[in-house]
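**Student:** Following the hints, put chain B in place on chain A, whose structure we already have.
2 protein chains.
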Amino acid sequence: MIKRVLVGLLLFALANLALAQSDPLPSWRDDVNKKAIEDFVGDVTDEASADFVPPEERIATFGNDGTLWVEQPIYAEFQFAIDRINTLAPQHPEWKTTEPFSLVLAGNMNAFLAGGAESVVPILTASHSGMTREDFEIIVRDWLATARHPTKKRLYTQLVYQPMIELLEYLRSNGFKTFIVSGGGVEFMRAFAEQSYGVPPEQVVGSEGKLKFEMRDGQPLLLKLPDVQFVDNNAGKPIGIETNIGRRPIAAFGNSDSDLQMLQWTWAGSGKRFCLYVHHDDAVREWAYDRQSPIGRLDLGLDEARVKHWTVVSMKDDWKTIFPTK
Amino acid sequence: MIKRVLVGLLLFALANLALAQSDPLPSWRDDVNKKAIEDFVGDVTDEASADFVPPEERIATFGNDGTLWVEQPIYAEFQFAIDRINTLAPQHPEWKTTEPFSLVLAGNMNAFLAGGAESVVPILTASHSGMTREDFEIIVRDWLATARHPTKKRLYTQLVYQPMIELLEYLRSNGFKTFIVSGGGVEFMRAFAEQSYGVPPEQVVGSEGKLKFEMRDGQPLLLKLPDVQFVDNNAGKPIGIETNIGRRPIAAFGNSDSDLQMLQWTWAGSGKRFCLYVHHDDAVREWAYDRQSPIGRLDLGLDEARVKHWTVVSMKDDWKTIFPTK
Chain A
18 MIKRVLVGLL LFALANLALA QSDPLPSWRD DVNKKAIEDF VGDVTDEASA DFVPPEERIA
78 TFGNDGTLWV EQPIYAEFQF AIDRINTLAP QHPEWKTTEP FSLVLAGNMN AFLAGGAESV
138 VPILTASHSG MTREDFEIIV RDWLATARHP TKKRLYTQLV YQPMIELLEY LRSNGFKTFI
198 VSGGGVEFMR AFAEQSYGVP PEQVVGSEGK LKFEMRDGQP LLLKLPDVQF VDNNAGKPIG
258 IETNIGRRPI AAFGNSDSDL QMLQWTWAGS GKRFCLYVHH DDAVREWAYD RQSPIGRLDL
318 GLDEARVKHW TVVSMKDDWK TIFPTK
Chain B
18 MIKRVLVGLL LFALANLALA QSDPLPSWRD DVNKKAIEDF VGDVTDEASA DFVPPEERIA
78 TFGNDGTLWV EQPIYAEFQF AIDRINTLAP QHPEWKTTEP FSLVLAGNMN AFLAGGAESV
138 VPILTASHSG MTREDFEIIV RDWLATARHP TKKRLYTQLV YQPMIELLEY LRSNGFKTFI
198 VSGGGVEFMR AFAEQSYGVP PEQVVGSEGK LKFEMRDGQP LLLKLPDVQF VDNNAGKPIG
258 IETNIGRRPI AAFGNSDSDL QMLQWTWAGS GKRFCLYVHH DDAVREWAYD RQSPIGRLDL
318 GLDEARVKHW TVVSMKDDWK TIFPTK
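From first to last, the protein sequence lines are chains A and B.
Converting from the first sequence to the numbering used here requires adding 17 to each position, the first position being numbered 1.
Converting from the second sequence to the numbering used here requires adding 17 to each position, the first position being numbered 1.
One chain only, chain A, in its complex shape (with noise of 0.2 Å):
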């Protein structure tokens, strides 16, 4: 009897060490921004803390381009749309001589990018509409499945950061809920996000266009038509969140500008909140760009956040990887 309840005890002691030094951030240095993360994490999950947040209100809120995976040299969405535009232009041939669509055939990215909204919007429309959503989630996993980028030659799956991925992990075995919110096409990042890090499609808030419900033979089909329903960008962040969540994120990570907004609507919240910016400033392994970045600008954002007192990740000096090995 007595063997038993030591052995019992053994094994317990032998639990505990094990959980207690499995690191559930490997990824990230020692130091003081990794401390940040844990000791928010252990406010907010301890009952005996004033700063308890019940699981239910513990939603975390993420972007996704530059955040969770590359950006640069430009979105893997606005790649696949140009991609696709590739792929369909035998049936178009009107692009030849139509911009943008002209630029993005001829490969003028700098003239292309120079157009702003104005070049964009009618790219991404074109490459993102005119099929059902189940054969546009075919079109985006088949993509997905086979480009590469263009230096990294790697899938693009295979360019998300690890210590994010592990983040994520480790806020939802917390006890929190984890949100992917971005201004990317909703249904482009609901192909790869579940996979990719643990959201499911339902937890994935990002711009979308419009859709149209029509019976087709009996059967019920949801088009995607050529045009914008809502961008979940910059201001239109906290809206996604209010409408898509209706809770204020306790915590939310970020890179640039466009997700300040969202940052800003967390922080103001009552009760103990999180803020954090993933800066881009690892030229060897990553990229290094910040203030004149016309792909993920962080500007404003890397002023407010010294105000604020933000975490800021230097992904040079907090990360011991960017990317997953396999």
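Simulated from the structure, these hints should not be mistaken for lab results.
With a straight-line cut-off of 20 Å between C-alpha atoms, the simulated SDA-like cross-links for lysine to any residue are: (1) A:LYS51 with A:LYS289; (2) B:LYS325 with A:ASP234; (3) A:LYS229 with B:TRP284; (4) B:LYS229 with B:LEU239; (5) B:LYS227 with A:VAL245; (6) B:LYS52 with B:ALA322; (7) A:LYS337 with A:GLN179; (8) B:LYS229 with A:GLY286; (9) B:LYS325 with A:PRO237; (10) A:LYS289 with B:LEU238; (11) B:LYS289 with A:LEU238; (12) B:LYS52 with B:ASP63; (13) B:LYS227 with B:ILE156; (14) A:LYS227 with B:VAL245; (15) A:LYS325 with B:LEU238; (16) A:LYS229 with B:ASN251; (17) A:LYS289 with A:GLY59; (18) A:LYS227 with B:ARG264; (19) A:LYS325 with B:ARG233; (20) B:LYS227 with A:GLN246; (21) B:LYS289 with B:SER66; (22) A:LYS325 with B:GLY235; (23) B:LYS227 with A:VAL248; (24) B:LYS229 with A:ARG264; (25) B:LYS325 with B:ASP68; (26) A:LYS229 with B:VAL245; (27) B:LYS229 with A:VAL248; (28) A:LYS229 with B:ALA285; (29) A:LYS325 with B:GLN236; (30) A:LYS229 with A:LEU242; (31) A:LYS333 with A:ASN50; (32) B:LYS169 with B:TRP304; (33) A:LYS289 with B:GLY235; (34) A:LYS227 with B:ASP244.
The calculated label-pair distances, taken between Cβ atoms and stated as ranges, are: (35) A:PRO90 with B:GLY59: 51 to 59 Å; (36) A:HIS109 with B:PRO72: 37 to 45 Å; (37) B:LYS325 with A:LYS333: 55 to 63 Å; (38) B:ASP234 with A:ARG233: 49 to 57 Å; (39) B:LYS229 with A:SER331: 34 to 42 Å; (40) B:ALA65 with A:PRO107: 45 to 53 Å.
Here the structure is a predicted model, which means the values were calculated and not measured.
Just so you know, even glycine gets a beta-carbon here, dropped at the ideal spot from N, CA and C.
**Tutor:** Using the frame of chain A, we list chain B on its own:
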């Protein structure tokens, strides 16, 4: 040793017996419709069954008005809007002479409702805008805490359907994620859905007004504007499901023609599906209405339910009790 094993077996048997005997749907009569629900849940949760559905795909969607709580003689949210217009009237002397406001202030409900969307939309937008989302939530909660149904004399939250509350809980305890998908305003419903239905805000899909993000004295605000962003009714329901959930439900529950497209969309998916209509046929305990009712009309849906062998619940015959006792 043998004694310990026997005691263990006994406890195991007793626990399973208790489990088998505790009916998760006690307000449902033991008939063919209850059995249809139980059979469906049994099939999709049985890993050995060809109809097994993994938990992450167990999405169930419910209408609200007339499916989860009463909708006669007018939707609760209409009554809320009317009450709010009366409250605000002193600040709007022009309403006395402007339709549809003048009709509402005069209590001329028939003339008001006869105006259709042209009457209803201005009343809904005027009552649902001009404040922050937080202030609106307080206004709705205050109303729900005091307003009584005109004939039942109970609080609206006491006029939820007890059998449907049990059904929601039964599905969740079997790994389903339960969503509300309703033409009602998303923020109005979120003010009570978690407490009344166990459905968290992020699982409520509804009609949306436009929102504006604004910084005021350094504080970010979300202001409710008097414009419609999205109407989650009829064909809007599958669109709202696609936009907000991103997965096709495997089970859908409604009570009117405005749920028909949601049920069609659910039914048309591959694998085992379950569609259910609540039929209001209990003039004594609730109301009896279907094909001719201006509120909650069930006409096309009733025909389609028969053709497709959807479950049509008779409130009169299938439900032992309608409302919670407390």
